Amino acid sequence: MTDMLEMPRVHECTVTDCGYNHDGCHAFAITIGQQNASCATFIDTSAKGGLDRVIAQVGACKRADCQHNAELECHAPSIRVGPGQDIADCQTYQPR
Numbered sequence: 110m111t112d113m114l115e116m117p118r119v120h121e122c123t124v125t126d127c128g129y130n131h132d133g134c135h136a137f138a139i140t141i142g143q144q145n146a147s148c149a150t151f152i153d154t155s156a157k158g159g160l161d162r163v164i165a166q167v168g169a170c171k172r173a174d175c176q177h178n179a180e181l182e183c184h185a186p187s188i189r190v191g192p193g194q195d196i197a198d199c200q201t202y203q204p205r
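Numbering (our numbering), first residue to last: 110 to 205.
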């Protein structure tokens, strides 16, 4: 199991329509979904949420076929989130 202090950070998010993204992702942790490595934490809203002093971490990853995924935990040093096949996808995803 990954120690919480070692959880990968969301280094960059370019999805401006997400309520957690204002000068960086401010969700405490995000989940990467199964389809298209989508950011399952994405919320399309103009309201700004999250914690101002927090830079998001990857809390869970459902893409078991990603080379950075071990036991549904992300082991990449950091990730980038941006538009892809969905509005917000993990750009760090790499198939095994």
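Read the hints as simulated data drawn from the structure, not as lab findings.
On a predicted model such as this, the values are computed, not experimentally measured, just so you know.
Incorrect hints may have been included.
[As the list claims (entries may be wrong)] Here are the in silico distance ranges between beta carbons for each label pair:
| id | residue 1 | residue 2 | range |
| --- | --- | --- | --- |
| 1 | Ala179 | Gly158 | 25 to 31 angstroms |
| 2 | Ala173 | His131 | 28 to 34 angstroms |
| 3 | Asp153 | Glu180 | 18 to 24 angstroms |
| 4 | Gly158 | Pro192 | 18 to 24 angstroms |
Where a beta carbon is used, it is the ideal one built from N, C-alpha and C, also for glycine.
Hints not upheld, ascending by number: 3
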